[in-house]
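Sequences listed follow chains A, B, C, D and E, in order.
Going letter by letter, the first sequence gives residues 8 to 195 in the numbering used here.
Going letter by letter, the second sequence gives residues 11 to 493 in the numbering used here.
Going letter by letter, the third sequence gives residues 465 to 627 in the numbering used here.
Going letter by letter, the fourth sequence gives residues 49 to 542 in the numbering used here.
Going letter by letter, the fifth sequence gives residues 13 to 140 in the numbering used here.
Take these hints with a grain of salt, some might be off.
Short derived list, chain C residues pointing at chain D, Cβ under 10 Å [claimed, not checked]:
hint, residue
1, N521
2, L534
3, L538
4, A549
5, M551
Not close to chain D: a few residues of chain C, all C-beta gaps over 12 Å, as computed [to be verified]:
hint, residue
6, A475
7, L478
8, M482
9, F485
10, F491
11, V517
12, G544
13, P567
14, L576
15, H603
16, K615
17, K622
To be clear, the hints were calculated from the coordinates, so they are not data collected in a lab.
The beta-carbon is built from N, C-alpha and C at its ideal position, and this holds for glycine as well.
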Amino acid sequence: MGFIIDATLIAFLALIAISALRRKRLFGMVMLSGAFSLVAATLFLVLDAVDVAFTEAAVGAGISTVLALATLSLVPAEEKPHSIAIVPAFLALTTGLLLSIAVSDLPEFGAADAPIHNHVAPEFIIGSEEKIGVPNVVTSVLASYRGYDTLGETVVVFTAAIAVLLIIGGWTRRETETAESTEDDHAG
Amino acid sequence: MLHSETLIYALLGLPLVASLGVLLLRKWPNLRDGQAVLIGLLTAACAIEFFARGADGTSLTLLAMTPSLSISFTPEPLGLLFALVAGCLWPLATVYTISYLRGVHEDNQTRFMFFYAIAIHAAMAIALSGNLLTLFVFYEILTFSTYPLVTHKGTEDARQAGRVYLGILVASSVVFLLFGIIGVWVIAGTLDFTAGGILAGKIDPIYVPFLLGLFAFGIGKAALMPLHRWLPAAMVAPTPVSALLHAVAVVKAGVFTVLKVAIYIFGLDFLTSTGASEWLIIVASFSILAASIVALRKTNLKARLAYSTVSQLGYIVLGAALASPLAASGAALHIATHAAGKITLFFCAGAIYVAHHLSDIKDMDGLGRRMPITYGAFALAALSIIGVPPLGGAWSKFMLMGGALDGQHMLVLVVLMVSSLLNLVYLGEIVLRGFFAPAKAGSVADGGYAEAPWACVVPLCITALISILLFFSVDFFILSFTG
Amino acid sequence: MQDDPVIRVIAKVLIPTMMLFALYVQFHGDYGPGGGFQAGVIFAAAFILNATVFGLNRGRHVWPARLNLLGVALGVLIFGGTGVATMVLGENFLSYNALSDDPIAGQHLGILLVEFGVGLTVAAVMVALFFAFAGRVSHVRLLNKTRAHEKTLAEKAKGAAND
Amino acid sequence: MMHHLPILQVIVPLLAAPLIALLRGREIAWLATFIVTGVTFVISLLLYYQVSESGARLVYDLGGWAAPLGIVYVIDAASALVLPIVTGIGFVVTLAARHLVTAEIDQRDHALFFTAWLLTIAGMLGQVTTGDAFNIFVFLEISSLSAYALVAMGAGRDRRALPAAFNYLILGTVGATFYVIGLGLLYMLTGTLNLDDLAVRLADIEQTRAAYMAMAFIALGLFLKMALFPLHFWLVPAYSFAPSAVAALMAATATKVSVYVLVRLMFGVFGIGFVGISEGLGTVLLTLGIIGAFVGTLAAIIETDLKKLFAQSSIAQLGYMAIGIGIMTPAGLAAAFIHLFNHALMKGALFLAIGVIGAQTGRATMRTIEGAGRQIPMTMTAILFGGLALIGVPLTAGFISKLYLIRALLESDFWVLAGLTFVSSALALAYVWKIVEAAWLKPRPEGAPDLYETPMMWLPAWLLVIATIGFGIFASPLINGAVQAAAVFFGGQS
Amino acid sequence: MTSLLAQWNYFLVIILMMLGFYAVIARGNMVKKMIGLNIFQTSVFMLYISMGKVSNGTAPILTGDSSTVYSNPLPHVLILTAIVVGVATTAVGYALIIRIQESFNTIEDDEIIELMDDDEAASEGRAS
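This is chain A alone, in the form it adopts within the complex (with noise of 0.2 Å):
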């Protein structure tokens, strides 16, 4: 059963990648990428990461697709054609295979005997209702048990707030100037 569920998403998601890399205008590779990530959500949600999907589709569908929009409506409609490159579509699939030899050497897909589930985790799930007491593990583990790496993942988001200030200057400020004096650069 939930190899029927995964495998179709998979095999779903490999489809949209496919036909988003293929496609020629932008827009319809936004947009088929919104709905790979809306695909993907679908799937964290299979296999029991709630808040990662629900994440997923806020971010991969919603914010990415809005920013990439706004990019969308000041660039080229279509991209330049390109055959295939070789020596990427080389390191690709050596990447691939390389990740496919040490996945043959992991514990099987679902197994409880794994050493993830019998490290660590298991406390995790017993202190958060003993220490923290909240029900929502994955929020215990998150505020309170690596809440430093939140705070990491909050300030990350502030850096980018930050960077994409500097770059692109938030609102109006100063592009009329710029403008003006690329203007006068053309002219002189």
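With chain A held as given, fit chains B, C, D and E onto it using these hints.
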């Protein structure tokens, strides 16, 4: 009674004081140059005192980077001999320099005098250095401080020559010498100059020739062929530079380093027992003969002297490579005898230039009759270089030959003899032409008595006399490197 | 879009609902899926919707730039401040136990605070990002329009001069 | 308070950043940043003192959760050595930023600029102090994201800063993602993210293919981040088009931190006993290191733009660090640490000095510095000393680096490699000489703008030059520190 | 084969990863690179979430029933962080793309490289 430590400070510090004095007194040329001569005399006195007293094992550490790396000074006989040579010739050269610079109206005299003193400081530090690292640091300082002197004229030629000079010296030292030093440090765990060497028993004999090669070619100042090109190139410099630096301080710093490495790093016994220096004997012999032959073909006086220097430096490297105590003593002595002789020759060349603006041998026919004192001194010095008694050079050459016999290197004997013959030809030609060739009509040589200014002539007379003195008092200058 | 009455009405209904939902996600994170980050995104989405429907200028009026930067920074500071507070109270950085005599209550309070910090930062950042991008877009369009206009004016002037 | 030092080291700049974002005046933004970097510098010195005094490692449980449940901060001899480099350079470069940023960045951006600036520093510090593998990733991203923005700020003078920043972003993210993949595999094998716990549990399980691949992916990701040849192509444009102050900060610290993280994971987690480390990684590092050393040096020799020249030279210098690590002995690792430390000082000094010229002429090229030796003697002398240190002239810190690197190579019988390393480092002479020749031996070209300098401009570079010479002369503390740092990975564990 | 089947989820994820990675490193349109990056990262997220899955487990929200099997929460937490980091990177990337379009009037890799070379030549021409 002075402490040895005080003397070390004095030898290192006095040239620095002189250089500072030059800077401070730049507005008053007479004071500027006067203090340089005075301090030079003081330095010479200290050097003589120190040499006479001999090394007493005093060591002075200025900076310690790590327990095994430091900037420290440990005088020993060979170093004191070099210090003596440099220290005594410095004041003479300074007097001569002042007269020369003023005689030919050079610009930037203050800069010249400043770097001149700095170079002597570096040479003194090399002489007294207690380990390879100290030696290397001051070796580089010597290179850089003499660069402005070589390019003093500021012409495109001078700059080009400066590039060759700096290029060869710095590149060889940074690539080979430094690597050799690090190699020694890794192998022996120390860089201190130690009697009997520090490498014996610590390194596989197979690697010794290689390591020796790093030093032989890393020490570009020894002008071993094919790294000799900088020396003739540096002859664009004013003659006092050629005289002091390229007959005494710079080139002697090179061969001094070679000797010091052979004696105190490798150890003569170790070199002989491993036979690691055989190849160096051949290279040095080749350098001796090849440079002599090139010298024959040069008609520019200074260029000929430069190649003569290359050839003579080969003697000293040869002495180190022969690795017998007698040869090493001979090589050490040759530092002194050749310095006295060659500085005289350069002084003479400079005197001729100051008096008559001549630099080509072909124009000097009959000039000896106008400048008898200069030419007399020249003849004496030339004989010393050739190795004719009763002049200093005879002893050192004689000892080198003895060293070659010790090691059964018959071929080296032949090389030394042939080289002496060649010396005779290329140096003798100048003297003979000067005294006996008829002066070409209308040339400068045609005229009455006309010597260079006294301040040029007096130093060259003194140095010529020193050459004679060296023959008779040679006992004082023979160092023993047994063990 | 701004003139379509249907959209405007739907938006007027939708926006408050979204905000309520955001608050729910924010404070219900302990019990179900959700938390500061997701809430922040939804909250921001409400503002973004407001701005797209009623125009950027009005959106900016509702949430001025200065306030935005303040929100961005304040969220991080609340999170970090919670950690500093636990330090002042004698425990390690982010040890919520120090916030109350009862460790569990302390943990609750701590999680509440930091989730609020996360939510505030995320909401403010998302809005800031949107305004930055959208502002750039509308600005560049405006600029292009002015340039084109100037160009035609110049051509006209040229034509007139030629006549 | 002393007990909180490990966390204060990171959160002081981290939480100061949002406060500075709210400041308006440009002077005050700089001043606040300057004070904060000063405080972090003091904290790192205190930490170094604490660690070297007691010889113990400081462990700080964040959130009060001990490892492996929570995230811990660990200060041992290795991190205590790297922290003062990052904070010290950060402090000095911030001092210089006052005039460099004024000259190159629009003044309305100053508050945001310094916010990003502090975030980069905090991110780097976080990577060094943390004892948690995933936390490294988070802080890596903090420092990287802000660095992308800082590099892009160079667009005010040269538009090429933008593609440079974009490529940096793409490759940086690819590197970070590789790291995350490797970490995922590792996590799957062990069930933990704590570095010490990982080391213990990895030793228990057999050496599986998955473990090798985890190592390979982590190493690859970090190779990208540290710009090891041939994954270095993002570095030169990023450094050369970035604003001068940013170039100085990044060139001196960013790649070094990645080198440190590589060492921390490879030796601290997998350990020297892991076959893939001793045989695989060692060979790879030695090979890539020496090729990178030659490629970087030769590229630097033909380069005419000074920023690019020294960026290329950084590739070479990273090669030496890679060689030091690749020797796989305590001596080699100590040499790598020594060079990491010294190179940060030299490159910091060089980029700051170049910045003085760049701030006036837009770009510092061989032509703009012709005859500059007389006009801006202090600045050019700083470049000279930095260059001498790069060559490895005795009495500079570079000599100590070279000495210990060659020694480590010879002790492990890498004779040929030692020779090659030596020759490539001596080749640095060629590009340093080019600069000396242009600055002192050529006259100032007709019509070239006059350059000027004030003490405030050359002082920061000189502080680092003095440090370079100081550590070249009084090298023992540094050498001892580096030896202890290396011992952490050879003696302490396993 | 048994192991292949037992790890089917991972292998499928790897294929997605290769697709995304190729799009990132192949020269091309910058927006496409960002989307490739997105796919690449999302597939890594899937790798993590896959490993957190326990057969017959449920989402790690405590039910109070002691017999419930929960999936591992830690990968979820890590990926939450990673998603946020990802979107932060994406935002910065798009911001850069917008500026690149304005400055170079193209967002194609190879064209920009050419333009950059032109700039280099121009600046050298100006210098000499």
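Next on the checklist: Verify this label for me: A475/C is non-interface relative to chain D, using a Cβ-Cβ cutoff of 12 Å.
Outcome noted: holds (31 Å)
Checklist entry - Is P567/C truly not at the interface, in the sense that its beta carbon sits beyond 12 Å from all beta carbons of chain D? => result violated (9 Å)
Next on the checklist: Please check whether the beta-carbon of V517/C is more than 12 Å away from every beta-carbon in chain D.
Outcome noted: holds (30 Å)
Next on the checklist: Confirm or reject: F485/C is not an interface residue toward chain D, with every Cβ-Cβ distance exceeding 12 Å.
Outcome noted: Non-interface label on F485/C holds, nearest chain D Cβ at 28 Å vs cutoff 12 Å.
Item to check | F491/C and chain D, when compared Cβ to Cβ, separated by more than 12 Å | outcome: The assertion about F491/C holds, with a minimum of 21 Å to chain D.
Checklist entry - Taking 12 Å as the cut and beta carbons as the points, is M482/C off the interface with chain D? => result Given that every Cβ of chain D is farther than 12 Å from that of M482/C, nearest at about 27 Å, it holds.
Next on the checklist: Beyond 12 Å on every Cβ pair: is that true for K622/C relative to chain D?
Outcome noted: Non-interface label stands for K622/C: nearest chain D Cβ at 31 Å, farther than 12 Å.
Next on the checklist: Tell me if the interface restraint on N521/C is satisfied: Cβ within less than 10 Å of some Cβ in chain D.
Outcome noted: This interface hint is violated because 21 Å lies over the 10 Å limit.
Item to check | Cut-off 10 Å, beta-carbon criterion: hint that L538/C touches chain D | outcome: It holds, given that the least Cβ distance between L538/C and chain D is near 8 Å, below 10 Å.
Checklist entry - Does L576/C really sit off the interface, with its C-beta more than 12 Å from all C-beta atoms of chain D? => result At about 15 Å from chain D, L576/C clears the 12 Å cut-off, so the statement holds.
Checklist entry - Does the CB of M551/C sit less than 10 Å away from some CB of chain D? => result With a closest approach of 6 Å, the M551/C hint holds.
Checklist entry - Was L478/C rightly flagged as not at the interface, with every chain D Cβ beyond 12 Å? => result Nearest chain D Cβ is 32 Å from L478/C, so the label holds.
Consistency note: the structure conflicts with the earlier hints numbered 1, 4, 12 and 13.
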